[in-house]
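Visitor: From first to last, the protein sequence lines are chains A and B. The numbering of the first sequence is the working numbering, which starts it at 1 and goes up by one. The numbering of the second sequence is the working numbering, which starts it at 1001 and goes up by one.
Rather than coming from a laboratory, the hints here were simulated on the basis of the structure. It should be emphasised that the depicted structure is a prediction, and the values quoted were computed from it without experimental measurement. In this text, a Cβ means the ideal position worked out from N, Cα and C, and glycines have one as well. Some hints could be false.
[What the hints assert, rightly or not] Listed below are the simulated BS3-like cross-link pairs for lysine-lysine, each with C-alpha atoms no more than 27 Å apart in a straight line:
| no. | chain 1 | residue 1 | chain 2 | residue 2 |
| --- | --- | --- | --- | --- |
| 1 | B | 1024 | B | 1078 |
| 2 | A | 49 | A | 102 |
| 3 | A | 68 | A | 49 |
| 4 | B | 1068 | B | 1078 |
| 5 | A | 102 | B | 1078 |
| 6 | A | 49 | B | 1024 |
| 7 | A | 68 | A | 102 |
| 8 | B | 1078 | A | 61 |
| 9 | A | 61 | A | 49 |
| 10 | B | 1024 | B | 1068 |
| 11 | A | 61 | A | 102 |
| 12 | A | 49 | B | 1078 |
[Stated by the list, open to error] Label-pair ranges, simulated between beta-carbon atoms:
| no. | chain 1 | residue 1 | chain 2 | residue 2 | range |
| --- | --- | --- | --- | --- | --- |
| 13 | B | 1020 | A | 52 | 35 to 43 Å |
| 14 | A | 30 | B | 1014 | 42 to 50 Å |
| 15 | A | 69 | B | 1084 | 19 to 27 Å |
| 16 | B | 1005 | A | 17 | 49 to 57 Å |
| 17 | B | 1054 | A | 22 | 33 to 41 Å |
| 18 | A | 39 | B | 1008 | 13 to 21 Å |
| 19 | A | 115 | B | 1083 | 24 to 32 Å |
| 20 | A | 69 | B | 1020 | 43 to 51 Å |
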Amino acid sequence: AQSVTQPDIHITVSEGASLELRCNYSYGATPYLFWYVQSPGQGLQLLLKYFSGDTLVQGIKGFEAEFKRSQSSFNLRKPSVHWSDAAEYFCAVGSPNFGNEKLTFGTGTRLTIIP
Amino acid sequence: DAGVIQSPRHEVTEMGQEVTLRCKPISGHDYLFWYRQTMMRGLELLIYFNNNVPIDDSGMPEDRFSAKMPNASFSTLKIQPSEPRDSAVYFCASSPAVGQGNQPQHFGDGTRLSIL
């Protein structure tokens, strides 16, 4: 069964500082990987996805993530955070197999930005 | 284009009452998902449909929960009778079916349900 671990429940970063949110997955083959962001009172918005090819993927809002097969990781990064990045971030893993369209989400990392 | 539309945004009702949550997926999307989000359990997949047919309902907590998708543009999640432990935010999401495997899911803004 596929699973996702986000080891950091809460991270606080100063505005303008760099950010890295960790995500580790468990899956028998190369999975599909996603990062979503959730602002208060809203649904989840897709930041970026990895299906295959280049292991460094670019997303919206200046975010990027790197797939590292050897570490079973898909960490999210941003070189300089903005106050508007304060939100909850979810990593998710999916199967490339037709007929198994479920996504498994991590428990989320809450990001707080301080001035 | 309109995104996934859920209604109502907020629902407060008394224990034992029937609750119906509604979802309109993005036009042309073949998959529809219902999730429940709580502080304790995070984001849980309840059920998902492909072309209006339920594919996996293993996440539905018990028989009090039921979901239908009578056509490609509408789905309901019903709880009858409702209990206080059903209080949560319920999300609907949809995705296209292009190629194989997962495509990104597009989420609605959710229904915040409170059962008193």
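Visitor: A separate judgement is required for each hint: does it hold in the structure or not?
Guide: Checked hints:
1. 1024/B to 1078/B: Holds, at roughly 15 Å.
2. 49/A to 102/A: At roughly 15 Å apart (the allowed maximum being 27 Å), residue 102/A and residue 49/A satisfy the hint.
3. 68/A to 49/A: holds, 14 Å
4. 1068/B to 1078/B: Holds - the C-alpha atoms of residue 1078/B and residue 1068/B are around 8 Å apart, at most 27 Å.
5. 102/A to 1078/B: Holds, at about 21 Å.
6. 49/A to 1024/B: holds, 24 Å
7. 68/A to 102/A: It holds: about 22 Å lies between the C-alpha atoms, which stays within 27 Å.
8. 1078/B to 61/A: violated, 36 Å
9. 61/A to 49/A: Holds, at about 14 Å.
10. 1024/B to 1068/B: holds, 12 Å
11. 61/A to 102/A: holds, 26 Å
12. 49/A to 1078/B: Distance ~32 Å between residue 49/A and residue 1078/B Cα, so the pair is violated.
13. 1020/B to 52/A: 35 to 43 Å: holds, 40 Å
14. 30/A to 1014/B: 42 to 50 Å: holds, 49 Å
15. 69/A to 1084/B: 19 to 27 Å: Violated - the Cβ-Cβ distance for residue 69/A and residue 1084/B, about 44 Å, lies outside 19 to 27 Å.
16. 1005/B to 17/A: 49 to 57 Å: Cβ of residue 1005/B to Cβ of residue 17/A: about 37 Å, so the range 49 to 57 Å is violated.
17. 1054/B to 22/A: 33 to 41 Å: 35 Å Cβ-Cβ, so the 33 to 41 Å window holds.
18. 39/A to 1008/B: 13 to 21 Å: Between residue 39/A and residue 1008/B, where Cβ atoms are some 20 Å apart, the hint holds.
19. 115/A to 1083/B: 24 to 32 Å: Because 43 Å falls outside the window, the suggested range is violated.
20. 69/A to 1020/B: 43 to 51 Å: holds, 44 Å
In the structure shown, a violation is registered for the earlier hints numbered 8, 12, 15, 16 and 19, in ascending order.
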